[in-house]
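S.K.: In case you want the letters, here they are:
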Amino acid sequence: MNETLLRELIPAVTGVLVRRGADFATAEDAVQEALIRALATWPGNPPADPKGWLITVAWRKFLDTTRAESSRYAREARVAAEPLPGPNDDTADTLQLYFLCAHPSLTPASAVALTLRAVGGLTTRQIAEAYLVPEATMAQRISRAKRTVSGVRFDEPGDLATVLRVLYLVFNEGYSGEVDLADEAIRLTRQVTSMTDDEEASGLLALMLLHHARRAARTTPDGALIPLAEQDRSRWDTGLIVEGVAILQASLARDRLGEYQAQAAIAALHADAQTADETDWVQIVEWYDELDRLIGNPVVRLNRAVAVGEADGAQAGLAALKRVGPVPRRTAVEAYLRERAGDLTVAARLYRDAARAATNLAERDHLTRQAARLHDVLRQ
Amino acid sequence: MAKYLLLKHYRGGPAPVVDFDPIDRWTPAEIDAHVRYMNDFAAKLEAAGEWVDGQALSPEGTFVRYDGEGRPPVTDGPFAETKDLIAGWMVIDVETYERAVELAGELSAAPGPDGKPIYEWLELRPFLTAPPTVTE
Numbered sequence: 001m002n003e004t005l006l007r008e009l010i011p012a013v014t015g016v017l018v019r020r021g022a023d024f025a026t027a028e029d030a031v032q033e034a035l036i037r038a039l040a041t042w043p044g045n046p047p048a049d050p051k052g053w054l055i056t057v058a059w060r061k062f063l064d065t066t067r068a069e070s071s072r073y074a075r076e077a078r079v080a081a082e083p084l085p086g087p088n089d090d091t092a093d094t095l096q097l098y099f100l101c102a103h104p105s106l107t108p109a110s111a112v113a114l115t116l117r118a119v120g121g122l123t124t125r126q127i128a129e130a131y132l133v134p135e136a137t138m139a140q141r142i143s144r145a146k147r148t149v150s151g152v153r154f155d156e157p158g159d160l161a162t163v164l165r166v167l168y169l170v171f172n173e174g175y176s177g178e179v180d181l182a183d184e185a186i187r188l189t190r191q192v193t194s195m196t197d198d199e200e201a202s203g204l205l206a207l208m209l210l211h212h213a214r215r216a217a218r219t220t221p222d223g224a225l226i227p228l229a230e231q232d233r234s235r236w237d238t239g240l241i242v243e244g245v246a247i248l249q250a251s252l253a254r255d256r257l258g259e260y261q262a263q264a265a266i267a268a269l270h271a272d273a274q275t276a277d278e279t280d281w282v283q284i285v286e287w288y289d290e291l292d293r294l295i296g297n298p299v300v301r302l303n304r305a306v307a308v309g310e311a312d313g314a315q316a317g318l319a320a321l322k323r324v325g326p327v328p329r330r331t332a333v334e335a336y337l338r339e340r341a342g343d344l345t346v347a348a349r350l351y352r353d354a355a356r357a358a359t360n361l362a363e364r365d366h367l368t369r370q371a372a373r374l375h376d377v378l379r380q
Numbered sequence: 381m382a383k384y385l386l387l388k389h390y391r392g393g394p395a396p397v398v399d400f401d402p403i404d405r406w407t408p409a410e411i412d413a414h415v416r417y418m419n420d421f422a423a424k425l426e427a428a429g430e431w432v433d434g435q436a437l438s439p440e441g442t443f444v445r446y447d448g449e450g451r452p453p454v455t456d457g458p459f460a461e462t463k464d465l466i467a468g469w470m471v472i473d474v475e476t477y478e479r480a481v482e483l484a485g486e487l488s489a490a491p492g493p494d495g496k497p498i499y500e501w502l503e504l505r506p507f508l509t510a511p512p513t514v515t516e
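Same order as they appear, the protein sequences are chains A and B.
For the first sequence, counting from 1, position 373 maps to 373 in my numbering; every step adds exactly one.
For the second sequence, counting from 1, position 121 maps to 501 in my numbering; every step adds exactly one.
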């Protein structure tokens, strides 16, 4: 059994312990210990019934931990007296775990860490590695998160929007060490989609698949960014594009539009163009207008200005940019539009300013190269 | 989350707000209190899930540079009058810039002579991150 399959069992195992009366925080710790033991012993000695093995080992850990606090008899008596109400199946339990791990009382970073551990079945070490912090720090972040949600009833109705937000963050941010966070986000979003039948969950899955399809084309072998227009489209993963588009079409057909579906629609229009020149920018601008109505924020208006620049020319793009307040990458967009409008001197200066303000290394290097390229042209 | 470097300088940065003796003139108890404050601060950050790293540097540094093919590197220094001298750093991983400023302010209140805060200037520098996946 590979590690991904093992991790898929984790939320159901935690669900069983909670349903037997364990509190979430202690149950989750016990399951994590069982997981670490499984990772160490299963390769040489695989169990016949992996899930049963995990439940047995985790339950034993749980009893060991709690024995000091109360006698086993008293606990088991309480468990027998107070079975958790509601449907008793793995799917319902797993979905409840997602809600709990993305509870609105948690900060985004805490919700991400708790989700990756309790639902994703990653070890604390793997999560720490993905976010470049020491394991002890990540362990504390997770235990604080568990304390924050300790008063939440396990069967409390949850908010799917916060779950989707957390999964989007997992997909979009973080380094990847041993575990590929983008793959992990897709795996978890697939699971949520299958459990909820929700248009926005499907929209988010489509969005992830359509962006993931471009992954191989997005960077050079040494990590430099390749802009969308310059990507080798033959390296896009057509299997993922076909799947993403099909999922998106099915959810759009239900006519309950949301931000993830609108973003996925934009990604699908890019995916649909054989070359950058064939991009249907007019339709993309319409989707940005839709997105602006749905969530209206400066980042959306910034990206809309780029699309307007492509659809109606650089001057129109610059006019649209006037509506955009201070936001990261605004200077980079203005530099691009100024260059397209033929104002190379200003563009070179703006690229330089944008590089100084960049918040990530790959973007800074890319913008620095753009400034250098224009200076080279201006010298001739 | 965003990572920030809290840079502590032996020298450099804006003019000190409080004039106090160098640390080797403090009483041992004052030095102990200062060190304890830093350690407690680090422990508190770890418990909050915001700690990444902390290191102290010796003031004795050497400049080194390449000197051409086949030649040994050139060294220079230490320089007694170097304008800027870094004493050490802490790296934190926090939710917001405001939180980073709050923590730097707290660290700057470490006690000096007579147990009073030294109002030390700390330099706060954001780390460059990994690029996001979704940008359009």
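A portion of the hints provided could be inaccurate.
Said to hold, decoys possible - Just a sample of chain A residues kept apart from chain B, beta carbon distances all over 12 Å, derived:
no., residue
1, G44
2, Y288
3, G342
Stated by the list, open to error - Derived coverage of chain A by chain B (criterion: at least 3 residues anywhere in the stretch with Cβ under 8 Å from a Cβ of chain B; other residues may be distant):
no., segment
4, 104-111
5, 129-137
6, 258-268
7, 355-361
If you're looking for bench data, these hints aren't it; they were derived computationally from the structure.
The beta carbon of each residue, even a glycine, is placed where N, CA and C say it ideally should be.
S.K.: None of the hints should be skipped; say for each whether it holds.
M.R.: So, going through the hints one by one against the coordinates:
The claim that A/G44 lies off the interface holds: its Cβ sits roughly 34 Å from the closest Cβ of chain B, which is beyond the 12 Å cut-off. Not every beta carbon of chain B lies more than 12 Å from that of A/Y288, the smallest distance being close to 9 Å; the non-interface claim is violated. Distance to chain B confirms A/G342 as a non-interface residue, since its nearest Cβ pair spans about 24 Å, more than 12 Å. Given as covered by chain B, the segment 104-111 of chain A passes the check, having 4 residues with a CB less than 8 Å from a CB of that chain where 3 are the minimum.
Only when three residues or more bring their CB closer than 8 Å to a CB of chain B does the claim for the segment 129-137 of chain A stand; here the count is 6, and the claim holds. Given a C-beta distance limit of less than 8 Å, the hint that chain B covers the segment 258-268 of chain A holds, as 3 residues qualify and 3 suffice. Three residues within the 8 Å Cβ limit are the bar, and the segment 355-361 of chain A against chain B gives 4, so the coverage statement holds.
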